[in-house]
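Protein chains in written order, with my numbering: chain W, 1 to 369; chain C, 1 to 288; chain X, 1 to 266.
Worth flagging that the hints you see were computed from the coordinates, not collected in a lab. Where is the CB? At the ideal position from N, CA and C, for every residue including glycine. Take these hints with a grain of salt, some might be off.
Claimed, not checked - DEER-style ranges, computed between Cβ atoms:
1. C:Lys95 / X:Val161: 27 to 35 Å
2. C:Lys95 / W:Gly262: 55 to 63 Å
3. X:Arg2 / W:Thr95: 21 to 29 Å
4. X:Leu18 / C:Trp98: 17 to 25 Å
5. X:Val161 / C:Lys9: 47 to 55 Å
6. X:Phe38 / C:Ile27: 46 to 54 Å
7. X:Lys255 / C:Asn256: 47 to 55 Å
8. W:Asp7 / C:Lys95: 25 to 33 Å
As the list claims (entries may be wrong) - Straight-line Cα separation of at most 27 Å, BS3-like style, residue types lysine-lysine; simulated pairs:
9. W:Lys184 / C:Lys9
10. C:Lys207 / X:Lys255
11. C:Lys249 / X:Lys215
12. W:Lys118 / W:Lys184
13. X:Lys215 / C:Lys207
14. C:Lys95 / X:Lys255
15. X:Lys97 / C:Lys4
16. X:Lys215 / C:Lys188
17. C:Lys9 / X:Lys97
18. W:Lys182 / C:Lys188
19. W:Lys132 / C:Lys207
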Amino acid sequence: MAQITLDRLAHSYESNPQSDADFALKELDYVWDDGGAYALLGPSGCGKTTLLNIISGLLTPSRGHIRFDGNDITARTPEERNIAQVFQFPVIYDTMTVAQNLEFPLVNRGVDVGEIKKRVDEMLETLDLAGKANQRAQGLTADEKQKISLGRGLVRYDVNAILFDEPLTVIDPHMKWQLRTKLKELHDRFEHTMIYVTHDQTEALTFADKVVVMYEGEVVQIGTPEELFERPDHTFVGYFIGSPGMNILPCDVAGDSVRVAGHTIKLDAEYLPPRGARLELGVRPEFIRFAENHESGIPVSIESVNNVGRHRIAKVRLSDLSMNIIVPEGQALAATDHRVVFDAQRCGVYADDHRINPTEDSRGFRHDY
Amino acid sequence: MITKTVNQKAWFLVLPVLFIVALNAIIPLMTVVNYSVQDTFSPGVFFFEGTKWYREVLSSPRFHGALGRQFMFTGIILLIEIPLGVAVALAMPRKGPWVSVCLVLMALPLLIPWNVVGAMWNIFALPDIGLLGYGLNWLGFDYNYTQQPFAAWATVILMDVWHWTSLVVLLAYAGLSSIPDAYYQAAKIDGASAFAVFRYIQLPKMKRVLIIALLLRFMDSFMVYTEPFVLTGGGPGNSTTFLSIDLVKAAIGEFNLGIAAAMSILYFLMTLLVCWVFYTVMMRGEES
Amino acid sequence: MRGVKILLVFIYILFLMLPIYWLLNMSFKTTNEILGGFSWYPQEFTLASYKTIFTDSTWYSGYINSLSYVLMNTVISVSLALPAAYAFSRYRFLGDKHLFFWLLSNRMAPPAVFVLPFVELYSAMQLFDTPLAVALAHCLFNVPLAVWILEGFMSGVPREVDETAYIDGYSFPHFFVKIFMPLIAAGIGVTAFFCFMFSWVEMLLAKNLTSVAAKPIVAVMTRTASTAGYELGLLAAAGALTLIPGVIVIWFVRKHIAKGFALGRV
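When you get a sec, could you build the whole thing from the sequences and use the hints?
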């Protein structure tokens, strides 16, 4: 178990990177706490597997350093780093039994026989594989094989971190939930530092204490699931997390008022966006509501309403912009005259995709001009 | 694995193949069986002889000699070619521009007509002007494959290794390249030694193709004819006369039809038996 | 470790290339030089041997005869094997496994066993000394091989492809040619390559099923080989020329060659 420090880390697969675009992983500075559960979330090709492979030592970064508990291990091999990794497709040794698979990393490290037996038996119990200990690993189901891959990491009590590379890709949907629960339970029990790569927001949000969202080789936000939902730092985070994603509307900003498609929306703070930046207003479908009778609001037309279980999602049009609005259970929609109200506190202003902060002291405190 | 449906009409799709192979296999085989139980004194006049030829073949030292040499040859080349082929496949680069170059160069001997292989080695091993023969003599070895049985054997074996090891390399390489990178990465992380990687990852993945390699090499070496015939003509003496060479000698050289036919049948039954054993083992491997 | 690996591959390839180099070396030498003794490379470089081959009709017609039966055999083997391989990869029918084994066993049958009866059979069919006789005789081992390789490649195509096509109203021949064959194009290429290869390298049957009119290059060469050594240069040149078709076809299938050697089963 270790604290992992990424010190101005960057990687390019090209030998002589010229511009930012050549970097599969753009410069990154961060400290992962000992014993934390982290998720690396992002679409395919965003650089999350690159980052994972740099941590595990399968790749050497083109720039920067990586430290475990303060020791620079950038140049170390995977086996010297003492980490465990679970891959997308289960890796098992076909010709060995389940128990032999679990013993393998310990035997290779010369752990004594009694200790091996103790740990393997314990791991078989933990993974609910005790009944299959002497069965050939080849004939098992995908989720059992994946549990063995995980078990081979967990039997080594002293691993610095356990890395997961989209480990549930080939698992049946009903088993995914079980395995995820198991992982969480194992994390609580062994307190390993765990890093989990995925493109599935549900997996990331349920597994991790902190989620690292990546987009085009860049870490766009690191935060708890709540922070990512409440206050996305980047339009991509807003759009990628949440279902449906955040509404992103082109706008103009003047102090605390925003103009969207000719309508003015008052925010609860003042903004001073950088000159010439592309400005957008981001607001989650949860934080827009239909106006009550006689309440004022921005007129919209409803394009469609979809029932998705607990609530409904209304797709509405505001001149040439389209937005999603979540309509809570039990709320009736008027037949005509639809107007919407934005929750001023939950709106964010984005300049060139990055969230900007309100001017100092402006929040909740009105200046008089 | 594809689940197959029962459909007897599929026979119609197989008929053309059945016809052409039957034409080539069954009719000649019947002819051979026919010869093997008859004798003739003048063309067109035959006598039924029962198992006479078979008894004669089975008790003849000549057949025993050829059979013994055949097994020895097949055994030696398998012992060299399979491990060497696997070693070269393991040493090959897995990616990059050199892979194609290596594969093409290695496959080259497989595409040379077999008599050209014999002729090429003939020239290569000549003691006076061949690189191998001249080189060995220059190094102080008394080497002349046309006169020394041991030299002839060594040359025939070296030629077969030259000719066919690449088949094993290509098969083993195909097996190796089907192993995903994650296996090697996991093994690294598990702290596995190079030998453990070979024993628990590479060998199991190569098992199927190695069985095919063993099967093909066994069969092809068992019916080897052209290359040793062109190189040594079966000599010196009978020292490199293998089954096929002996058979052709009896059938065409001596026109000893009955003996040749009985030999053919025995020879064919032996290959068939080994072939069946391999096939059974391989199919079991595929089902599990 | 890496160095040892590169060295092993290098030595192995060197070992493969040396006899080939020696063949080329001889083919560019004059007869006098060959008989004169050992030399690493031609002292008096000459193309005389090649000139003889390209101007003497017994020589060059040998190549033409060989290529014609090889191509015929490739076409026959692949086109007959395609439907059969499909049947084996998709259906179960009475005796299928036994039939498959019997086919394979013919791949393993020693050609020496069949030499004499083949001569009789093809003489009776009045095909003796024609390229067609050799092409048909080579089907003995090439058709089973083609069925085996194609079956391996076809089993890799999901059944759903067939079913979707039938639902879309394709007839079997239409589906097979328009949809299925493009899907296993690589497999067909590899199969054709192997048929070409095994027909091209075989000598025993090709030599004995022909006498004058259809004499293949391999038989022309054995005549030269058995005569006196002074034709060694000519023999070397003829041998060197037989490498060319192999090099050409191998270049086309280099990406699939390993899988093809594994009979589509990796």
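Which numbered hints fail: 5, 9, 13 and 16
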